[in-house]
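Visitor: Chains as they are written, first to last, in this note's numbering: chain V, 1 to 811; chain W, 1001 to 1210.
Be aware that one or more of the hints could be misleading.
[Said to hold, decoys possible] Derived lysine to aspartate or glutamate pairs resembling DMTMM-like cross-links, with alpha carbons at most 20 Å apart:
1) Lys133(V) with Glu1152(W)
2) Lys386(V) with Asp369(V)
3) Lys121(V) with Asp98(V)
4) Lys386(V) with Glu1177(W)
5) Lys384(V) with Asp1044(W)
6) Lys1027(W) with Asp604(V)
7) Lys384(V) with Glu1039(W)
8) Lys686(V) with Asp720(V)
No lab work stands behind these hints, which were simulated from the structure alone. Predicted model only: the values in this text are computed from it and were never measured.
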Amino acid sequence: MSTQTTIEDGIDDAAATVGSVWPIHSFVTANPLSGFEDLPFGEAVTQAADLLGGRGYPSREAFRAALDDGRIDPDALESELADRGYEADPATLLERIDTSVESEPTDDGTDAERVDRVLSKWLSAFLDEGHAKWSMPDRDDGFYAAFREVAPHDAEVPDSGVVASLPADPIEAIEAALEPYPEGQWVPVFEEQLAALPGWTGLIKQRADDEGAWQSACPITLTEYLAVRLALLDGVGVDLEPSTGPDAPGTDSSDELAEAFLSAWEASYRSEVVERVAAESRERANSEPSGRPDAQLVFCIDTRSEVIRRHIEAAGAYETHGYAGFFGVPMEYRGYDAAAPVDACPPIVDAEHRISEVPTDDDTRERHDRWSSVREVAGEVVAKLKANPASAFGFVENAGSGYGLALAARTLVPGRVRDLLDTADAAVPDDHEFCEQIVQHQHTHADGLPVGLTREEKVEYAATAFELMGWTEFGRLVVFTGHASETANNPYDASLDCGACAGSPGGPNARVLATICADPDVKAALRERGFEIPEDTVFLAGEHNTTTDEIELYGDVPESHKADLDRLRADLAVARENATAERAESMGSDPAASVDETERRAADWAETRPEWGLAGNAGFVVGPRALTSDLDLDGRAFLHSYDWSTDPEGDALEAILAGPMVVTQWINAQYYFSTVDNAVYGSGSKVTHNPVGNVGVYQGNGGDLMTGLPLQSLMADADDPYHQPLRLSTVVHAPVERVTDALADNEAVTGLLDNDWLSLTVVDPTRDHRAFEYERDMEWQPVSDPSATEPAAAEPEAPSAPEPAPATADD
Amino acid sequence: MGFMIMQAGLGFFGAALTHLILHGFYKAYQFLSSGAQVERTTPDKKAGRSADGSAVAAVAATLATGLAGGAVFVLLTGKGTSVDSGLLLVLFVVFTTLHAARGAVGRSSLPATVRYGAVPLVFLPAIALYALVYRGVSAALTGVPVVTAPTELTALHGLVAVAFLGTYVAIEAGVHERSRRLYVALLNASQPSPGTLLTNAEEYDDGGAQ
């Protein structure tokens, strides 16, 4: 009994170090070191390096390149180095940064490797999500039981030790395998064994935590996995003795130096953003508010929105806003044709409602169904033909010419193929053309969730959106714009979709919020709560295609707004051209034919980089858009609209710091670690990716699952990083006291800040727009005014402050 | 590969070469599009296929489609015009078309025209296209001593046909899934060479990135 609980508790403890890995169809950009977030950053990466062998800091070459490009400010570097007691020349110190990863060879390779091989074979069979024609027998009994059944037939499984006669209970197997080791070593043994195939164990952890459909059909736990693993290791006679903790402290100075360089790099980026925000804040305080905008478009806080927003604002009298891409509606969504409902909210939030799409226009639905069932049956017939050896050969011969033609067309003229498919697609009506979402409360449940939203919930979600964004004025058109990517032949397509929607497109969420806001009942309630929504405001939803920058607006508007909508559509087309030109250039293509080029990238099956995704992300600005609207943030900043003056209690700020800031930190940490060690925390080159079982990718023929982002999403080429690995710099525009209050009750967030997983700077509009940096334990450090110390620097905006223009304009 | 050898063994060297080319297209396409294979699925099996009301008509239509496939094949490739080993190849075509027609005919979700018409509409031209490639390959082989040398039918040919038929029925009925031993043996047989597995991500060398 007591041994059993010791083992169970020990596994729970050890499992904290395992970073969750989501199935690749629902890729979540999470921090691979999330289990270490309760430690200071420096310590966390050291421990993770010992356990997983991954680098924790950018390489010497990356720092050198950043120094040469001027991305690390020499003064900032000097002060960071001085803080740590280094006086020598940075170039000399740079040489002392160790680039090699001290990976201890794990035991005697061959035996442990054999166990890894057997395990990855059986895990890939067990964890397969519907890809295999013939799935592993007895899967519904759980991993341990299923393995126990097949083990006697598998010659690769040794026939000695614990594994030769597995007990019925996995805990007993673990107990037997651990017998020679003192209890004090058990947790380190578990940690080390769980870290051996981090891709698979991360997937098991996530699957067990998530309790999704596949987990209930074929259950697996880390305990069962460890039982099989330890039994196999016992069978081949591998010594489980855990290695003796961290290495000698000699390597620490290298890490300390790397931390100094990294901090200086971050400070250089941050001070640039903070200075500009502060300057805008100063200027804005003296300016009159602009008139009513023609339309307001709400985008996801995603860094990719920044580029298109800038170009939309330039195209007309439009206002754009940033809000979490799930639009604050924590829902599980089931599309009309979807095989399974998806969580359309970030993993830090639990879905609370089921929203389904139901057909309302029967004629259109019939047209849609006819086509989709033809396509479905065709797919199934092909699968049937391929699955039976008696028909497979005949099928291959008859279909071979067709495959040859498709092969040639997709390789030689991918753009034409996209046009052709588009035309074919256009013949089939889209879901949103004949379906409506069940937003109305239904008094029923689906999978344990209430269907639809009650009136109170609807009002709450709408009000929260406008409160968080600090809205006081509404245009004639208000568009909630979700986003999705478009990419061909890409196992990582979910990584390019909305991170706030758990790797799903954001369009459905946008539609829900637009439907809510359009409800006269909700409008009335919002007016009661003080939001002056004019009679002529129309709410719409749309989706931003982040690969091609096309924005599709759903639905229709009343006759009175037709002209507004037409103009908006035309302006969106202009904005698209300009945005794609900017983005095409960043991908090394000709900006002149940028729309065609981005469409080609979306459709080309040989394209490894359809878009840059969120690469480059480094900052998160929480404040009115006016603070950043004149700045080119180069697609590197998450932007959340917020107005401190409409949030006297600080509730909105608290919600932003607890939700969106944490999600952006996840995303940022994933990009950081995937860049600093693409092999261990990322997933290597896409060219050699090999998808397995609908859950992940291998590099090469098999082995462990790769976990993070692929090389092509982060690097311009093998030696030239595109993403600058920096920890997130959050900049909030609000009084310092209010931020302190907002943080006070949130230990998770202050913990991240205290442990340096991200930084927080406040530009305080009530204190002469000065900036304050969060130190630790709720202490703030005023940022020295840079214009005072270095007046010679290029700062054209400083003198152009308020004075001259308005004076002359008056008369 | 095995099928090619069999074609050669039956005396149809042109057919074997044609298979190499067409199978090459197919395999290349599969490899190159592997990234598109990932999809979100649910564990429950797809809804059972609803059988059509007029079972007799369905069976007749299925048979007719299969035979029509074989007829077009015989007519356009010339294989199987006389009673020799070429008949075995015809049998494969009949089988494939039959199997496809069987898959489509039982679908009540489709309108009748599609159910009965789609397979002939797609398969007969596809067989014609195959015949075209086959004729092309044969023409290119003129001058080679032996291109087509059908052999007389023997009991062995019958045995091969029966073996395939048996496999077909067994797989359709799912008999094979009852054996764990077979599963393990096949899974092990499909495992790649240990040297090509990456069990430790640290060993992944991406050419010096970072």
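Visitor: Each hint: holds or not?
Guide: Each hint tested on the structure:
1. With a C-alpha separation of about 38 Å, the suggested pairing of Lys133(V) with Glu1152(W) is violated against the 20 Å cut-off.
2. For the suggested pair Lys386(V) and Asp369(V), the alpha carbons sit about 25 Å apart, so the restraint of at most 20 Å is broken.
3. In summary, the hint linking Lys121(V) to Asp98(V) is not supported, as the alpha carbons are separated by about 36 Å, beyond the 20 Å threshold.
4. The suggested pairing of Lys386(V) with Glu1177(W) holds, with an alpha-carbon distance near 17 Å, which does not exceed 20 Å.
5. A hinted pair counts as satisfied when its Cα atoms are at most 20 Å apart, and Lys384(V) with Asp1044(W) qualifies at roughly 18 Å.
6. At most 20 Å may separate the alpha-carbon atoms for a hinted pair to count; Lys1027(W) and Asp604(V) meet this at roughly 19 Å.
7. Proposed proximity of Lys384(V) and Glu1039(W) is supported: the alpha carbons are some 18 Å apart, at most 20 Å.
8. At most 20 Å may separate the alpha-carbon atoms for a hinted pair to count; Lys686(V) and Asp720(V) meet this at roughly 16 Å.
Hint compliance for this structure: hints 1, 2, 3 are not met, and every other hint is.
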